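J.: Top line first, the protein sequences correspond to chains Z and G.
The first sequence begins at 265 in the working numbering and counts up one residue at a time.
The second sequence begins at 22 in the working numbering and counts up one residue at a time.
Simulated from the structure, these hints should not be mistaken for lab results.
Heads up, a few of these hints could be off.
Unchecked claim - Below, simulated BS3-like cross-link-like pairs (lysine-lysine); rule was C-alpha separation at most 27 Å, straight line:
# : chain 1 : residue 1 : chain 2 : residue 2
1 : Z       : K321      : Z       : K277
2 : G       : K94       : Z       : K321
3 : G       : K24       : G       : K94
4 : G       : K24       : Z       : K321
5 : G       : K91       : G       : K24
The model shown is predicted, which means the values in this text are computed figures rather than measured ones.
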Amino acid sequence: KAGVTQTPRYLIKTRGQQVTLSCSPISGHRSVSWYQQTPGQGLQFLFEYFSETQRNKGNFPGRFSGRQFSNSRSEMNVSTLELGDSALYLCASSSGVSGSSYNEQFFGPGTRLTVL
Amino acid sequence: AQKITQTQPGMFVQEKEAVTLDCTYDTSDPSYGLFWYKQPSSGEMIFLIYQGSYDQQNATEGRYSLNFQKARKSANLVISASQLGDSAMYFCAMREGGAGQFYFGTGTSLTVIP
Chain Z
265 KAGVTQTPRY LIKTRGQQVT LSCSPISGHR SVSWYQQTPG QGLQFLFEYF
315 SETQRNKGNF PGRFSGRQFS NSRSEMNVST LELGDSALYL CASSSGVSGS
365 SYNEQFFGPG TRLTVL
Chain G
22 AQKITQTQPG MFVQEKEAVT LDCTYDTSDP SYGLFWYKQP SSGEMIFLIY
72 QGSYDQQNAT EGRYSLNFQK ARKSANLVIS ASQLGDSAMY FCAMREGGAG
122 QFYFGTGTSL TVIP
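With the hints as extra help, turn the sequences into a complete structure.
T.: Written as structure tokens, this is what we have:
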């Protein structure tokens, strides 16, 4: 079974630009979560999509948005990039089944975004 | 209040020794899951072990075991017989119910000394 894939793996942008990151979950998984990881802030939850609907949302500004397609693939968009957006962006997929606390997340390799 | 607290920013352990990484959590939901992840320098998060709030026994996975003390709200990870490849960041995480978001701690950097 293929794991979680993220594209691109590395990205360099300049301030003010926008960026779109892509995540393909494990086959059969309906939940995709996005995280931002920086040395100073650690791992911070951005949002989770389940069956094309945003189910949970972290405390990030509206510049950060996402969506999920019918095949469960998800994209994350950051508009008007700032220097502080430089980070490793991790995507994780899980079955997303409600009612069970066992919803292990499988992580992708991440996209390392550098904003100059 | 923090949902997950890891109070050890860095830990050192001698090769072949056991080490305990601390994790405390905060929730009022009776149904929750606790997870430990390992993140090597390559960046990828690797799932290690899971403990459900209703599980009666402590979870074990090979050299990893989870010391689950529900009343104290702690879920410490024990790594036995440490190996050099265990050097990495370790994150404790919790998910409330089945549809809540995952909460991660700030991580513990473990260094195994030969």
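J.: It remains to establish, for every hint, whether it holds in the given structure.
T.: Verification of the hints:
1. Under the criterion of a C-alpha separation no larger than 27 Å, the hint pairing K321(Z) with K277(Z) is consistent with the structure, at around 25 Å.
2. Between K94(G) and K321(Z) the alpha-carbon distance is near 25 Å, which keeps this suggested pair within the 27 Å criterion.
3. Restraint check for K24(G) and K94(G): satisfied, since their Cα atoms lie roughly 11 Å apart, inside the 27 Å limit.
4. Proximity of K24(G) to K321(Z) is assessed by CA-CA distance (about 16 Å); at most 27 Å being required, the pair is judged to hold.
5. Taking the CA atoms of K91(G) and K24(G), the gap is near 15 Å; set against the 27 Å cutoff, the hint holds.
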